[in-house]
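There are 2 protein chains.
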Amino acid sequence: MADIASTLPLETASIHHAYGKFRRYVHRTPLLTNKTIDRIASSNAGSGAFKARGAFHAVTHLIEVMGLDELRRRGLVTHSSGNHAQALALAASTFDIPAHIVMPEISTPSKIAGTRAYTELIRFSGSTSQEREEVVAQVIAETGAVLVPPYDHPDIILGQGTASLELYEQYNSQQAEGGVESTLKVVLAPLGGGGLLSGTAVFFSDKPGTAVIGCEPSYQGGNDGERGLNAVPPTRIETVKTLTIADGLRTPVGAIPWDVFTSGSSTKPKYLEGVYSVPEEEIKEATRLVMERMKVFIEPSAAVPLAVVLYNQKFRRWVYERQQAEGTECWDIVIILSGGNTTIEALIGIFGDVRDADTQRAEGVVASDGSTTVENVAG
Amino acid sequence: MADIASTLPLETASIHHAYGKFRRYVHRTPLLTNKTIDRIASSNAGSGAFKARGAFHAVTHLIEVMGLDELRRRGLVTHSSGNHAQALALAASTFDIPAHIVMPEISTPSKIAGTRAYTELIRFSGSTSQEREEVVAQVIAETGAVLVPPYDHPDIILGQGTASLELYEQYNSQQAEGGVESTLKVVLAPLGGGGLLSGTAVFFSDKPGTAVIGCEPSYQGGNDGERGLNAVPPTRIETVKTLTIADGLRTPVGAIPWDVFTSGSSTKPKYLEGVYSVPEEEIKEATRLVMERMKVFIEPSAAVPLAVVLYNQKFRRWVYERQQAEGTECWDIVIILSGGNTTIEALIGIFGDVRDADTQRAEGVVASDGSTTVENVAG
Numbered sequence: 001m002a003d004i005a006s007t008l009p010l011e012t013a014s015i016h017h018a019y020g021k022f023r024r025y026v027h028r029t030p031l032l033t034n035k036t037i038d039r040i041a042s043s044n045a046g047s048g049a050f051k052a053r054g055a056f057h058a059v060t061h062l063i064e065v066m067g068l069d070e071l072r073r074r075g076l077v078t079h080s081s082g083n084h085a086q087a088l089a090l091a092a093s094t095f096d097i098p099a100h101i102v103m104p105e106i107s108t109p110s111k112i113a114g115t116r117a118y119t120e121l122i123r124f125s126g127s128t129s130q131e132r133e134e135v136v137a138q139v140i141a142e143t144g145a146v147l148v149p150p151y152d153h154p155d156i157i158l159g160q161g162t163a164s165l166e167l168y169e170q171y172n173s174q175q176a177e178g179g180v181e182s183t184l185k186v187v188l189a190p191l192g193g194g195g196l197l198s199g200t201a202v203f204f205s206d207k208p209g210t211a212v213i214g215c216e217p218s219y220q221g222g223n224d225g226e227r228g229l230n231a232v233p234p235t236r237i238e239t240v241k242t243l244t245i246a247d248g249l250r251t252p253v254g255a256i257p258w259d260v261f262t263s264g265s266s267t268k269p270k271y272l273e274g275v276y277s278v279p280e281e282e283i284k285e286a287t288r289l290v291m292e293r294m295k296v297f298i299e300p301s302a303a304v305p306l307a308v309v310l311y312n313q314k315f316r317r318w319v320y321e322r323q324q325a326e327g328t329e330c331w332d333i334v335i336i337l338s339g340g341n342t343t344i345e346a347l348i349g350i351f352g353d354v355r356d357a358d359t360q361r362a363e364g365v366v367a368s369d370g371s372t373t374v375e376n377v378a379g
Numbered sequence: 001m002a003d004i005a006s007t008l009p010l011e012t013a014s015i016h017h018a019y020g021k022f023r024r025y026v027h028r029t030p031l032l033t034n035k036t037i038d039r040i041a042s043s044n045a046g047s048g049a050f051k052a053r054g055a056f057h058a059v060t061h062l063i064e065v066m067g068l069d070e071l072r073r074r075g076l077v078t079h080s081s082g083n084h085a086q087a088l089a090l091a092a093s094t095f096d097i098p099a100h101i102v103m104p105e106i107s108t109p110s111k112i113a114g115t116r117a118y119t120e121l122i123r124f125s126g127s128t129s130q131e132r133e134e135v136v137a138q139v140i141a142e143t144g145a146v147l148v149p150p151y152d153h154p155d156i157i158l159g160q161g162t163a164s165l166e167l168y169e170q171y172n173s174q175q176a177e178g179g180v181e182s183t184l185k186v187v188l189a190p191l192g193g194g195g196l197l198s199g200t201a202v203f204f205s206d207k208p209g210t211a212v213i214g215c216e217p218s219y220q221g222g223n224d225g226e227r228g229l230n231a232v233p234p235t236r237i238e239t240v241k242t243l244t245i246a247d248g249l250r251t252p253v254g255a256i257p258w259d260v261f262t263s264g265s266s267t268k269p270k271y272l273e274g275v276y277s278v279p280e281e282e283i284k285e286a287t288r289l290v291m292e293r294m295k296v297f298i299e300p301s302a303a304v305p306l307a308v309v310l311y312n313q314k315f316r317r318w319v320y321e322r323q324q325a326e327g328t329e330c331w332d333i334v335i336i337l338s339g340g341n342t343t344i345e346a347l348i349g350i351f352g353d354v355r356d357a358d359t360q361r362a363e364g365v366v367a368s369d370g371s372t373t374v375e376n377v378a379g
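Those sequence lines, one after another, are chains Z and S. Under the UniProt record's numbering, think of the first position of the first sequence as 1, with each following residue one higher. Under the UniProt record's numbering, think of the first position of the second sequence as 1, with each following residue one higher.
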């Protein structure tokens with residue numbers, strides 16, 4: 001070490017001097033307020049994921065159409081296993097509108113607690129769509145509440161589409177700051193009921209250079225979107241029963257999102273480029289990477305698009321072939337990370353099993369390339 | 001839900017329109033590059049924590065004093081259980097200087113792997129200071145390598161003090177943007193060997209309105225700083241053997257940091273206001289809060305200052321009494337979160353035990369106030 005005689009005195013000015021010497025080698029560490037950290041963690045105004053955008057848009061539109069007094073008198077109702085439940089309860093409480101939430105009994109405790117933070121009007125149901133809808137019908141009969149479905153409505157889709165509007169603005173301003181002119185080639189979003197993905201597809205429908213890709217869990221047929229779209233002719237699958245760890249993506253694709261996925265616009269032959277799915281182990285490994293490398297605490301559903309980028313051979317081949325055709329080796333890819341509603345206990349439930357040597361070897365592979373392939377997929 | 005007839009068509013322009021209606025209710029979701037996420041997670045240039053600042057400053061100063069060629073010929077050596085090991089290996093590799101790292105055999109695998117990413121010259125030792133120093137002496141005898149100690153040197157202290165310089169600049173510019181004029185009242189930093197805390201104390205030594213507080217784990221006497229400073233007369237404790245989960249804070253306070261802690265400047269009667277410690281359960285709960293609420297993946301050492309703010313009654317009373325004296329109920333407090341070098345497996349090791357009802361009740365308390373008390377401690 002440098003002789004202590006050659007060091008500067010331990011006073012404030014010496015720290016300024018030290019900083020000048022090495023500041024170019026270290027990143028500036030941001031000062032985060034609690035709110036900022038929440039925001040960075042991809043939650044919106046305290047709810048999980050991008051669901052808040054759909055819920056706020058639906059509620060503001062209902063206020064325009066029905067008037068706030070009428071809406072306050074009747075209240076709102078929805079069914080959801082988690083993120084939409086919280087999002088609607090938050091949006092409703094913002095305008096002092098009562099919100100009845102029907103949640104499946106098997107919902108994760110953190111999502112129930114998160115919902116209860118905004119409304120006391122929670123009822124529990126069985127987990128099938130039919131069981132949920134029965135309880136919703138009962139609430140409507142009793143109270144006259146107005147239904148805000150979790151994904152199958154244009155207002156939800158347009159609201160969730162605004163996440164893409166923001167990401168596109170930020171992408172373009174980062175390009176402008178860097179003096180770079182490149183195209184956003186691919187946007188990947190998770191696919192459950194299809195609200196976020198169809199909103200994303202709608203936003204990019206006038207941008208022919210950007211492909212929108214859906215990402216699903218394959219476990220127990222959870223890839224209903226992929227299977228339905230690849231069928232000849234494409235056929236929507238209306239019932240899915242999967243207990244995938246990506247619990248935010250267990251629902252079948254809704255009718256209106258499905259229509260978006262199977263249509264095109266004047267500038268784009270198809271709104272949706274395709275859907276790819278990944279098995280549980282790959283979702284786990286992507287969740288691990290986001291936590292351990294990116295240091296962001298997410299729920300497994302949020303890691304599904306990263307798992308597709310890193311591990312899905314069909315997706316990687318599609319990218320490779322397009323890149324070959326274009327004569328490039330580097331593409332800008334954006335992944336929508338949506339959902340941070342989980343707990344350490346849930347994580348232990350998922351990762352706490354004894355893991356065999358093969359899995360650990362597989363991780364070695366992950367660790368060696370994971371951190372560099374998130375944004376640019378080399379050909 | 002609003003009648004579908006009243007909704008806008010599913011096209012890009014409708015999303016812009018939707019956004020205008022509710023944008024004031026949701027946070028803008030940032031577009032993060034992988035690098036950005038790393039940076040936000042408090043790591044510096046890939047190393048854990050703020051150790052990189054100390055290491056880069058020490059290495060740049062050595063280059064000035066000895067010349068780069070001589071330093072490349074001789075190499076560098078240090079002993080560290082983790083973050084400083086990685087930091088020095090990174091700084092050395094930036095300048096193509098060989099770095100010998102002596103790590104205790106019980107170091108966590110992620111920290112060993114992180115170090116190995118920058119240097120192959122790793123040797124293992126026992127975990128006491130004496131055992132580590134013996135192996136270091138051997139390396140020096142064999143290679144002529146120059147020692148860069150983990151914390152007990154002015155260059156390390158000044159380098160780590162630059163974290164405070166940045167946080168203070170950002171604090172002031174956030175105040176200016178908000179049109180607010182308030183004083184940063186307290187900065188809390190973790191205390192292990194004392195490099196980061198003494199650097200923090202030095203930086204704020206010419207700012208009499210800002211108190212600097214050290215935070216330690218109390219398990220198995222890990223609060224050597226607190227015990228030593230509260231002794232009459234204050235006496236540095238040179239040996240500590242604790243296996244606290246805050247493994248980055250197991251080392252005793254170094255001699256030079258100790259001198260800083262027990263001295264004052266012309267504008268400040270004492271550099272360090274005090275040291276407070278917290279038991280393992282409180283460190284666990286603070287770690288849980290940062291992960292589940294702030295969605296940031298950290299190692300338990302990083303959560304120690306938050307645990308002090310939330311749970312240490314002595315610290316809270318000190319704040320309360322000062323606030324009473326000042327006639328205020330709200331203070332700006334900054335917590336330095338340092339260290340994200342952990343794995344899901346390590347987390348399972350810490351949280352994976354069966355937890356009894358009392359613990360879970362205690363968490364209820366945490367959950368009900370945790371998210372609002374991080375930055376402002378009400379009286």
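Be aware that one or more of the hints could be misleading.
As the list claims (entries may be wrong) - Which bits of chain S does chain Z cover? Going by a derived footprint, with three or more residues having C-beta under 8 Å, they are:
{"#": "1", "stretch": "96-109"}
{"#": "2", "stretch": "145-158"}
{"#": "3", "stretch": "284-296"}
{"#": "4", "stretch": "321-333"}
{"#": "5", "stretch": "336-349"}
I should point out that these hints are in silico values taken from the structure, not numbers from a laboratory. Note that beta-carbon positions come from the ideal geometry of N, C-alpha and C, so glycine has one too.
Each hint, compared with the structure:
1. 96-109: violated (count 0)
2. 145-158: Check passed, 9 qualifying residues.
3. 284-296: Per the Cβ count (7), the hint holds.
4. 321-333: violated (count 0)
5. 336-349: holds (count 7)
Taken one by one, the earlier hints fail for this structure at numbers 1 and 4, listed in ascending order.
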